[in-house]
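Asker: Here is how the chains run, residue by residue.
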Amino acid sequence: MSAMSQVTGLAAFELRGATRSRWVLIGAGVFAAAAVGATVAGLRSFASLGLAGAGAATDGLVQVALLLPPLLGLLLGAGSLARDRERGFLAMFASQPVSRTTLPIATFLGGVVAVWAIVAFGLGAGGLLIATVATLADLAALATVVVVAFSVTASAVAIGIAIAALASTHQQATAAAAAMWLLLALGLDLLLAGVAPGLRLGPSGLLAAVLVNPIEAGRVLVLLLLEGTAALGPFGAYLSDRLGRPGAITLLGSSLMAWTAGPLLLAVAVTRRRDI
Amino acid sequence: MPSLRDATPRLRVRGLTKAFGRHRVLDGVDLDVPAGAAVLLTGDNGSGKTTLLRCVAGLVDAVGELSIDGRGIDRSPGSRRTLSYLPQSPGLPGWATGAELLQLFGRLRGSHELLIDLPARFLPPLDRPVGQLSGGQRQRVAIAIALLGGPRLLLLDEPAANLDEEGRAALIDLVRRATEQGVSVVVAAPSRGELAGMTDRVVRLAGGGIVAPGRDVARSRDAGRSCDGPPPGQEEVAG
Chain X
242 MSAMSQVTGL AAFELRGATR SRWVLIGAGV FAAAAVGATV AGLRSFASLG LAGAGAATDG
302 LVQVALLLPP LLGLLLGAGS LARDRERGFL AMFASQPVSR TTLPIATFLG GVVAVWAIVA
362 FGLGAGGLLI ATVATLADLA ALATVVVVAF SVTASAVAIG IAIAALASTH QQATAAAAAM
422 WLLLALGLDL LLAGVAPGLR LGPSGLLAAV LVNPIEAGRV LVLLLLEGTA ALGPFGAYLS
482 DRLGRPGAIT LLGSSLMAWT AGPLLLAVAV TRRRDI
Chain P
130 MPSLRDATPR LRVRGLTKAF GRHRVLDGVD LDVPAGAAVL LTGDNGSGKT TLLRCVAGLV
190 DAVGELSIDG RGIDRSPGSR RTLSYLPQSP GLPGWATGAE LLQLFGRLRG SHELLIDLPA
250 RFLPPLDRPV GQLSGGQRQR VAIAIALLGG PRLLLLDEPA ANLDEEGRAA LIDLVRRATE
310 QGVSVVVAAP SRGELAGMTD RVVRLAGGGI VAPGRDVARS RDAGRSCDGP PPGQEEVAG
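Going line by line, the protein sequences match chains X and P. 242 is the number of the first residue of the first sequence in this note's numbering; add one for each residue after it. 130 is the number of the first residue of the second sequence in this note's numbering; add one for each residue after it.
There could be a bad hint or two in this list.
[As the list claims (entries may be wrong)] Far from chain P by the CB rule (all over 10 Å, computed), these chain X residues:
| hint | residue |
| --- | --- |
| 1 | SER246 |
| 2 | PHE287 |
| 3 | ALA288 |
| 4 | ALA420 |
| 5 | LEU431 |
| 6 | ASP482 |
[As the list claims (entries may be wrong)] Facing chain X, according to a computed beta carbon distance under 10 Å, are these residues of chain P, among others:
| hint | residue |
| --- | --- |
| 7 | ARG183 |
| 8 | ARG209 |
| 9 | ASP246 |
| 10 | PRO258 |
Hints in this document: simulated from the structure, not taken from any laboratory. We put the CB at the ideal spot given by N, CA and C, even for glycine.
Chain P with its partners taken away, still in its complex shape:
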């Protein structure tokens, strides 16, 4: 597994600024996510968590520098080969079956292999149209789609939405196993709440910048692994 002290972070964000009209949602955000690290982005509604993930996923234009493993991110397909993004509302079409969706996205990513094996019974019946599935079952299909094609950076926007207790536990385990394989994970959620222990660090966004970078003590202690980055407060520069 790559060391968390690798010189080049998996995800590097510098001076990221995004405005909608006159409202600056992100104002010079700096963030480093090492290889194999999991970071939880928290913040109030409208604090810019989703916007930050969408900028990294190449969905919105923004000012600033974004790179994965030292390579700049732009809107070219090559930039997105190494990342995978789970939107807050995946909006899977109700007529399509889970199998058809996995087939399609596997084809787009050039691989039908999942990054990690999913626990038994994690996925709902894949031959049923997703319109006939519950919200939580649809979210599980969307999570599986995000794991297709061996991404090195997973961007998960409120991945626990609609998941039941078993689903959340499976999600936490998936993130843990992904990071063990050197995959970096950035999770956005309004608060640590049910995701405590999922990530190495918690980063809080407010007023367009990072206000409270820190270590997710629960995971470091529970998982028994070190989050040997710089001390909290020195990892990210408040925007």
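If we strip away everything but chain X, and leave its shape as in the complex, we get:
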């Protein structure tokens, strides 16, 4: 039995578990409804101004896609290993001829595919509405939103799994994942708005603040990809001057990859050493 076959078997099992979870299905429904709502609102606002295209609808989808799916990813990742360890099922896995490395990686793959399916379902529902008025550029923009949302949710699942590996109980892991979402989705923005003027962070400080937050990095990345550095004001000018648009895109993309690989490596290291 190859390690790859074990990983795919466990990942498929995790995915099946996610698709049969009432809470995941409710989350998928809420996200799809929010995506459709944002699309309809965006299309109506453009139409009321006598404009053609789907720009406002796509902007609405960016906000929704970078808000709810990361929460689902964090909760799904945090729930998996911690819940299985608490109820004894992880001991059954870990006593099989399976490398400890396999467990968090398979959990990650199963969780990522589940959350990506939710993202594709929700954004797909919005996309169907956009398609009624869309130009080719609008569809390309929607594809960009999907790719960035996939990257951000992958980071969220990885962070959730790292939390699960470190937590003592399922409850602790879930609470920590919810707190992490509040911090990343809202808290850091509010903190930055509060302290940035006093600390005189400057553009380099702002860039650092963006890079330490995968949700914010995703938001800036999608703006750069869709509208260029001009959409980011003075911060965009700084990025353009220091890194150029391709350089800034590469840096932000790398940050998201690091936010996926880093927590996953941490989860692997903890799972390999920790008693089960």
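Using the hints, position chain P against chain X.
Answerer: Then chain P, alone, in the frame of chain X:
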């Protein structure tokens, strides 16, 4: 069937010590389990029965020597190829069916073959999610999982939990047939109680060590087979 007097025991434990914080649960435990032997580990709650099994299963780090058929046990997958562990609380996910669980664990073990044929009606309907099964039916599925892939050492932590009379009888028969095939079995339970006659020897854990190694007379007499190891009291060294 291998002789119980084989020079290399199937499971060899030497100086096993495990502490949680300052509390030493196991303190220099020595234990040999020959091929084809069944040993019942008893002891009060917190005496270290589960911890001992978890150490052997590679789930927790401990100080001491552990080997199966002379090969040291560590956390590598190869170490666990020859053993199978049934936890005290298997915690099977309620959404999965018995068939899906057997399929998954068979895939992880590289074989969907059960060590021994299960009695008719031992397993509940495998197409039902285990969340819809009773505690005893779930335990039967977990026992079947533990028999996958031809293990040479079975570690069963309170396997009779939730089982009805028929289930316990089937479990005792399963252990007997497994040992007849040369498989070694270590069963943990608070007391001999309902498991009397299942094993060759009873080993009692207390204060971090083995305090009362001995022979399960009931099984030796009932099963009509010899447990021809050294005399009780000389098989294990108290920790």
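Asker: Of all the hints given earlier, name the ones this structure violates by number, lowest first.
Answerer: Structure breaks hints 1, 9.
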